[in-house]
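Given chain A, put chain B in place with the hints provided.
Protein chains: 2
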Amino acid sequence: MLKGKQSILFDCAPYVISSGSVVGKKEGEGPLGSLFDLIEEENLFGQDTWEEAESEMQKEACLMALGKAQVEPKEVRYLFGGDLLRQGIATSMGLEELHIPLFGLYGACSTSGEALALASMSVAAGYGEYVLAVTSSHFGSAEKEFRFPLAYANQRPLSSQWTVTGSGAFLVGEEKSHVKVSGVTVGKIVDYGLKDSQNMGACMAPAACDTILQNLKDFGSKPSDYDRIFTGDLGYVGQSILFDLMDKEGVDIKDNHMDCGKIIFEQETQHTNAGGSGCGCAAVTLSAYILPKIQSGEWEKVLFVPTGALMSTVSFNEGQSVPGIAHGIVLEHC
Amino acid sequence: MLKGKQSILFDCAPYVISSGSVVGKKEGEGPLGSLFDLIEEENLFGQDTWEEAESEMQKEACLMALGKAQVEPKEVRYLFGGDLLRQGIATSMGLEELHIPLFGLYGACSTSGEALALASMSVAAGYGEYVLAVTSSHFGSAEKEFRFPLAYANQRPLSSQWTVTGSGAFLVGEEKSHVKVSGVTVGKIVDYGLKDSQNMGACMAPAACDTILQNLKDFGSKPSDYDRIFTGDLGYVGQSILFDLMDKEGVDIKDNHMDCGKIIFEQETQHTNAGGSGCGCAAVTLSAYILPKIQSGEWEKVLFVPTGALMSTVSFNEGQSVPGIAHGIVLEHC
Numbered sequence: 001m002l003k004g005k006q007s008i009l010f011d012c013a014p015y016v017i018s019s020g021s022v023v024g025k026k027e028g029e030g031p032l033g034s035l036f037d038l039i040e041e042e043n044l045f046g047q048d049t050w051e052e053a054e055s056e057m058q059k060e061a062c063l064m065a066l067g068k069a070q071v072e073p074k075e076v077r078y079l080f081g082g083d084l085l086r087q088g089i090a091t092s093m094g095l096e097e098l099h100i101p102l103f104g105l106y107g108a109c110s111t112s113g114e115a116l117a118l119a120s121m122s123v124a125a126g127y128g129e130y131v132l133a134v135t136s137s138h139f140g141s142a143e144k145e146f147r148f149p150l151a152y153a154n155q156r157p158l159s160s161q162w163t164v165t166g167s168g169a170f171l172v173g174e175e176k177s178h179v180k181v182s183g184v185t186v187g188k189i190v191d192y193g194l195k196d197s198q199n200m201g202a203c204m205a206p207a208a209c210d211t212i213l214q215n216l217k218d219f220g221s222k223p224s225d226y227d228r229i230f231t232g233d234l235g236y237v238g239q240s241i242l243f244d245l246m247d248k249e250g251v252d253i254k255d256n257h258m259d260c261g262k263i264i265f266e267q268e269t270q271h272t273n274a275g276g277s278g279c280g281c282a283a284v285t286l287s288a289y290i291l292p293k294i295q296s297g298e299w300e301k302v303l304f305v306p307t308g309a310l311m312s313t314v315s316f317n318e319g320q321s322v323p324g325i326a327h328g329i330v331l332e333h334c
Numbered sequence: 001m002l003k004g005k006q007s008i009l010f011d012c013a014p015y016v017i018s019s020g021s022v023v024g025k026k027e028g029e030g031p032l033g034s035l036f037d038l039i040e041e042e043n044l045f046g047q048d049t050w051e052e053a054e055s056e057m058q059k060e061a062c063l064m065a066l067g068k069a070q071v072e073p074k075e076v077r078y079l080f081g082g083d084l085l086r087q088g089i090a091t092s093m094g095l096e097e098l099h100i101p102l103f104g105l106y107g108a109c110s111t112s113g114e115a116l117a118l119a120s121m122s123v124a125a126g127y128g129e130y131v132l133a134v135t136s137s138h139f140g141s142a143e144k145e146f147r148f149p150l151a152y153a154n155q156r157p158l159s160s161q162w163t164v165t166g167s168g169a170f171l172v173g174e175e176k177s178h179v180k181v182s183g184v185t186v187g188k189i190v191d192y193g194l195k196d197s198q199n200m201g202a203c204m205a206p207a208a209c210d211t212i213l214q215n216l217k218d219f220g221s222k223p224s225d226y227d228r229i230f231t232g233d234l235g236y237v238g239q240s241i242l243f244d245l246m247d248k249e250g251v252d253i254k255d256n257h258m259d260c261g262k263i264i265f266e267q268e269t270q271h272t273n274a275g276g277s278g279c280g281c282a283a284v285t286l287s288a289y290i291l292p293k294i295q296s297g298e299w300e301k302v303l304f305v306p307t308g309a310l311m312s313t314v315s316f317n318e319g320q321s322v323p324g325i326a327h328g329i330v331l332e333h334c
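Chains as they are written, first to last, in my numbering: chain A, 1 to 334; chain B, 1 to 334.
Check the hints yourself; a few may be wrong.
One copy or any two copies: either way a pair holds, since identical chains are not told apart in the list.
[To be verified] Calculated lysine to aspartate or glutamate pairs in the EDC-like style (CA-CA distance at most 16 Å, straight line): (1) Lys68 with Glu300; (2) Lys5 with Glu318; (3) Lys3 with Glu75; (4) Lys25 with Asp225; (5) Lys5 with Asp227; (6) Lys176 with Glu298; (7) Lys5 with Glu129; (8) Lys5 with Glu72; (9) Lys5 with Glu75; (10) Lys5 with Glu175.
To be clear, the hints were calculated from the coordinates, so they are not data collected in a lab.
Just chain A, same shape as in the assembly (with noise of 0.2 Å):
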């Protein structure tokens, strides 16, 4: 069952029996937003804060693919979840209605690979028939928690992402779909000693380097195996340097790779600059996009590898570097 150093391929691989997206205006407005289940119009979610929307829309999602699959809350064993707020609070208040035994995580933007490795590794080990996997990011709540509050109105460097308004939630069960969880390989945090929390997709690419090589590696794999390669949130800037990394390992990814960030917004018109980021980007792009042409058999195989930049306001008020990590995750038509 353990393939090389990080990988494992589950003897009984647990299957995404569904899933539900959430999404913002701007999301909404994007390439896939007639794919998305619900789109909302204002981004307060009906809420009074950032914060407060966020946590509804992982509440929204999660019940979205709960409600697909005809499953009650109290069917699930337990629930993986994880935002990008200081201390996880859009997790922890959003998800609380649901009463469902919680194990919070971060993992920046690449928690959504790590809260879908986990939940198949707890259904694949008989932990529980039906596990929840959510994640989720806003556009609001981030800037103020990263960067300048939006009435600040700060000037965005182009290599800078737009954090993703949205939450994908991922119900993983034994009962069988036509996805399934075949493997996963989890990520160490490579660190190439960048400070600029404005080219986090400089910050992330060698760590997807480091997780798509060892993923290839530990099954004895070609990039042609897959369908595509999706990364999280590397972005247009992020995406080039992911290709040089891989050339110069004499790994070509360029024919079948994807990045969930490039192809949420419409970089022109929409001014996302380097494209879409946020533990929501990667989610909901599984959720709407990717899932589907899996389901139908368009694509066999996908490695879905989300992203993460590990920094904080004071780590980077304190000089220290922006390491990133990523996760693997290998879905399979069946």
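Below, chain B without anything else, positioned relative to chain A:
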């Protein structure tokens, strides 16, 4: 293997092979002082900032646990780690050099329970021969993160707790030792609507009550089946509330309950008000005080229940309540 609503009884129970405890000066002067592996006289641990000091502690604690078991970092399959800081930077920066695939966690002061639960679940499922669990807290970084900079010298209400400067790491694995993790009870968020972040014991007591009751129910146990039931850091205020809540349910744990936050400091002389707290409190107490007693057989069976208060300065400023969460770990002599 699944027990009741929230618990797992492992078919093939993993072992706590070794552990390491690293603490600051004040903890070293407390009642458990002689038991810790490493006491640093200088709370910066040779670093420039409190955050870097906390990172250093995590690394030291991990290396201590590994050293005792003569296991190299590269032999460790996965690492589950967390701390109290925003975006978990103590963990991200501290564990980078170990190059172990990482799952970042956030469960406030319950994180040592969360990490031990996931590490045990992973080993029991065959996902790794060796898995590490580590958590930390630091008085300086926590005061800065949640309350006031130390230089402000604010008055501390009597219900406030003193964040433990310390890190505890646990090597969980298949290799037989005298302590096995026979089961876990994963906690739900419990929110009584309390909003006083300077009275965390009161905020966490309902969650501790919920998890302990659920553990007893799921495993069909009574309190006396455990030699001790340890909560993480309810402190003096939280413990009395826990007793009241348990009384209402007709369950009396007074005879065998202990709280890590109560025993780590000498309340009167060390001026720690309601007791110790923080991710490190339960972790170093488990490592230095509880595990040796289970190893020796003085205690046959212990329920270890770290408790967390889920809040941030943002949620506090926005008037949100402080929900609690607690995870139960069943430790047995063997």
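How the hints compare with the structure:
Proximity of lysine 68 to glutamate 300 under the C-alpha cut-off of 16 Å is found in neither arrangement, the shortest distances being 23 Å within a copy and 46 Å between copies. When the C-alpha separation of lysine 5 and glutamate 318 is checked against a cutoff of 16 Å, the pair qualifies neither within a copy, at 34 Å, nor between copies, at 45 Å. Taking identical chains as interchangeable, the C-alpha atoms of lysine 3 and glutamate 75 lie at most 16 Å apart only when they sit on different chains, with a minimum of 14 Å there against 32 Å within one chain. Proximity of lysine 25 and aspartate 225 under a CA criterion of 16 Å is satisfied in neither setting, with 36 Å inside one chain copy and 55 Å between copies.
Taking the closest pair of Cα atoms, lysine 5 and aspartate 227 never come within 16 Å of each other, the shortest separation being 24 Å inside a single copy and 40 Å across copies. Taking the closest pair of Cα atoms, lysine 176 and glutamate 298 never come within 16 Å of each other, the shortest separation being 19 Å inside a single copy and 48 Å across copies. Taking the closest pair of Cα atoms, lysine 5 and glutamate 129 come within 16 Å of each other only across two copies (12 Å); inside a single copy the shortest separation is 28 Å, beyond that limit. In this homomeric assembly, lysine 5 and glutamate 72 come within 16 Å of each other (Cα to Cα) only across copies, at 14 Å, whereas the closest approach inside a single copy is 37 Å.
Taking the shortest Cα distances, lysine 5 and glutamate 75 sit within 16 Å of each other only across copies (9 Å), while inside one copy they are farther apart (34 Å). Proximity of lysine 5 to glutamate 175 under the C-alpha cut-off of 16 Å is found in neither arrangement, the shortest distances being 29 Å within a copy and 19 Å between copies.
Checked against the numbered hints above, the structure violates hints 1, 2, 4, 5, 6, 10; every other hint is satisfied.
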